[in-house]
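Undergrad: In case you want the letters, here they are:
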Amino acid sequence: MSELLALLDYEFARNALMAAVLASVLAGTVGTFVVVKRLVFIAGGISHAAFAGLGFCYWLGVNPLIGAVVVAILAALLLGWLGEGRGRSQDAMIGVLWAGGMATGIVFIHMTPGYAPNLMTYLFGDILTVSRADVQLLAVLTGAVIGVTALFYRTLVAVAFDETFASVQGIPVRRMTTLLLVLVALSVIMLIQVVGIILLIALFTIPPMIALMLAQRFVMVLAVAVLAGLMTSTGGLVGSYWLDLPSGPAIVLFGIAALVVVRALNWLRSGYHARQAVGGPGD
Amino acid sequence: MSAVLDVRGVTFGYEREAVLRNVNLTIGSQDFLAIIGPNGGGKTTLLRLILGLATPWSGSIDWPSGLLPGAVGYVPQFSTFDKNFPLRLRDAVVMGRLSRGGLIGRYRRADYQAVDRILERLHLERLAAVPIADLSGGQLQRALIARALVGEPQILFLDEPTASVDAQTRRVLGEVLNELNQRIPVVVITHDVTGFATQVKQIACVNRELYYHGSGQLSHADLAEAYGCPVELIAHGVPHRLLRDHTPATVNA
Numbered sequence: 001m002s003e004l005l006a007l008l009d010y011e012f013a014r015n016a017l018m019a020a021v022l023a024s025v026l027a028g029t030v031g032t033f034v035v036v037k038r039l040v041f042i043a044g045g046i047s048h049a050a051f052a053g054l055g056f057c058y059w060l061g062v063n064p065l066i067g068a069v070v071v072a073i074l075a076a077l078l079l080g081w082l083g084e085g086r087g088r089s090q091d092a093m094i095g096v097l098w099a100g101g102m103a104t105g106i107v108f109i110h111m112t113p114g115y116a117p118n119l120m121t122y123l124f125g126d127i128l129t130v131s132r133a134d135v136q137l138l139a140v141l142t143g144a145v146i147g148v149t150a151l152f153y154r155t156l157v158a159v160a161f162d163e164t165f166a167s168v169q170g171i172p173v174r175r176m177t178t179l180l181l182v183l184v185a186l187s188v189i190m191l192i193q194v195v196g197i198i199l200l201i202a203l204f205t206i207p208p209m210i211a212l213m214l215a216q217r218f219v220m221v222l223a224v225a226v227l228a229g230l231m232t233s234t235g236g237l238v239g240s241y242w243l244d245l246p247s248g249p250a251i252v253l254f255g256i257a258a259l260v261v262v263r264a265l266n267w268l269r270s271g272y273h274a275r276q277a278v279g280g281p282g283d
Numbered sequence: 284m285s286a287v288l289d290v291r292g293v294t295f296g297y298e299r300e301a302v303l304r305n306v307n308l309t310i311g312s313q314d315f316l317a318i319i320g321p322n323g324g325g326k327t328t329l330l331r332l333i334l335g336l337a338t339p340w341s342g343s344i345d346w347p348s349g350l351l352p353g354a355v356g357y358v359p360q361f362s363t364f365d366k367n368f369p370l371r372l373r374d375a376v377v378m379g380r381l382s383r384g385g386l387i388g389r390y391r392r393a394d395y396q397a398v399d400r401i402l403e404r405l406h407l408e409r410l411a412a413v414p415i416a417d418l419s420g421g422q423l424q425r426a427l428i429a430r431a432l433v434g435e436p437q438i439l440f441l442d443e444p445t446a447s448v449d450a451q452t453r454r455v456l457g458e459v460l461n462e463l464n465q466r467i468p469v470v471v472i473t474h475d476v477t478g479f480a481t482q483v484k485q486i487a488c489v490n491r492e493l494y495y496h497g498s499g500q501l502s503h504a505d506l507a508e509a510y511g512c513p514v515e516l517i518a519h520g521v522p523h524r525l526l527r528d529h530t531p532a533t534v535n536a
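Protein chains in written order, with the numbering used here: chain U, 1 to 283; chain W, 284 to 536.
Hints are not guaranteed to be accurate.
[To be verified] Ranges between beta-carbon positions, derived for each pair:
hint, chain 1, residue 1, chain 2, residue 2, range
1, W, Arg466, U, Thr164, 23 to 29 Å
2, W, Tyr297, U, Gly114, 52 to 58 Å
3, W, Ala286, U, Leu227, 54 to 60 Å
4, U, Val140, W, Thr338, 37 to 43 Å
5, U, Ser270, W, Ala446, 54 to 60 Å
6, W, Arg389, U, Leu227, 39 to 45 Å
Source of the hints: derived by calculation from the structure; they are not laboratory data. For glycine and all other residues, C-beta sits at the position ideal for the given N, C-alpha and C.
Please model the complete structure; the sequences and the hints are all you need to start from.
TA: Written as structure tokens, this is what we have:
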């Protein structure tokens, strides 16, 4: 333990920890909406589309995150606009954005002179390379996303639960869904730093899935999902340090292990209750 | 009696095929209207148009008394949401107050007090903290009615409210709708018009077009005429006999 604490003397370790905390807060909050509203595939499409902007800015020589933010938001707006009543075109468009974004990004990185060591970083994540400036940008984006979610909380939950009813109540459902997709886009950018484009969908889904098994109210699901995200990302980081594994995959696999354990405990508990009920005296 | 809703010459369809043709319907402030008709005849489509969830190809839908969006109560069929959504019954019902306070509003104490009153009226108060995933069909149906009523609507629409519900829910539903109809118009989409035989004052049969039957006292002749509409309805399995047996006792009620 003291060995781990000593690590925090290094700036890269402090940055990594901060990034993990911020990413967990986001993944837990926005990811819960993504899971209950079944936007997982859309989140995947946005994150892969973002790679186009990332590659473009890499080629320009400016901070690739800026390009990723811009393209991710454009993709979210496009998918939100396509959303209503045109399910098939939205579904197909996700595929186009997914592949097109990756292809564009790779082409730009290919065109950039010199060796491209960061490509793998963006695909699979390397939280240990997160810079202080990155952490600051993450902090600002996290604050913005959480603030907007808190502001529109009641409406977002209602739209996630029952779009039809919300619409009858006069809620602009389509605009609120698009807002949610923009929040997804911003969160995607942060998660790219931590686990990379290919694995970030795990941080969106695993903590909320754990939370949905443990909590019964939406606000509690959010809280548990954030905690589960914190456990997953810090646990994965510690595991990657001890076992000398790449951090992104370690975080994802640690999360899946936690999910399996919680599921098993849940199963044992409900089995216990079922046996109690059957064995109980004429109850 | 003033008109609350005025549907004029509405035509609407999906893709290129018209589902509803030239529909006219006026709902008055004391009406209890049953909308019946075969599956695929356009009942639910008409309701979606009235609720503003779809826009007619032609014709108009007006609220002469100027209803605000939140003033329309709506009880959907089960299938419009995910039953495993992490909400307790109380959290789901309070959503009926969404139209108050705007997009960035919060539920206030008055909202929860209104919820508690409605839950008591629908005999749901003991289930307030139960997750909606653990409710029975009848309990969930009552929760949806509570959600629609808690917003204090000025008109209430129910889509197949008696499909797969228990006896208690049927009874409570009957009482509540009777009481409500003293003040506001009630519109029920149903296959089972006998379930509301004591309350229904008007019947509209929707099968591509709308056949409107009777305002004021429901008579034997009105019902017979209602079932004179296209054959699909009768073939659909609402036996004539049942209705006729029940009406003499109920018309006088």
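Undergrad: Decide, hint by hint, whether the structure agrees.
TA: Evaluated hints:
1. Taking 23 to 29 Å as the suggested C-beta distance range, the pair Arg466 of chain W and Thr164 of chain U conforms, at roughly 25 Å.
2. At roughly 56 Å, the beta-carbon separation of Tyr297 of chain W and Gly114 of chain U lies within the given 52 to 58 Å, and the hint holds.
3. Distance hint for Ala286 of chain W and Leu227 of chain U: a CB-CB separation of about 55 Å, consistent with the stated range 54 to 60 Å.
4. Distance hint for Val140 of chain U and Thr338 of chain W: a CB-CB separation of about 41 Å, consistent with the stated range 37 to 43 Å.
5. Judged by the Cβ atoms, the range 54 to 60 Å given for Ser270 of chain U and Ala446 of chain W is violated: they are separated by roughly 30 Å.
6. The beta-carbon spacing between Arg389 of chain W and Leu227 of chain U, approximately 24 Å, falls outside the hinted interval of 39 to 45 Å.
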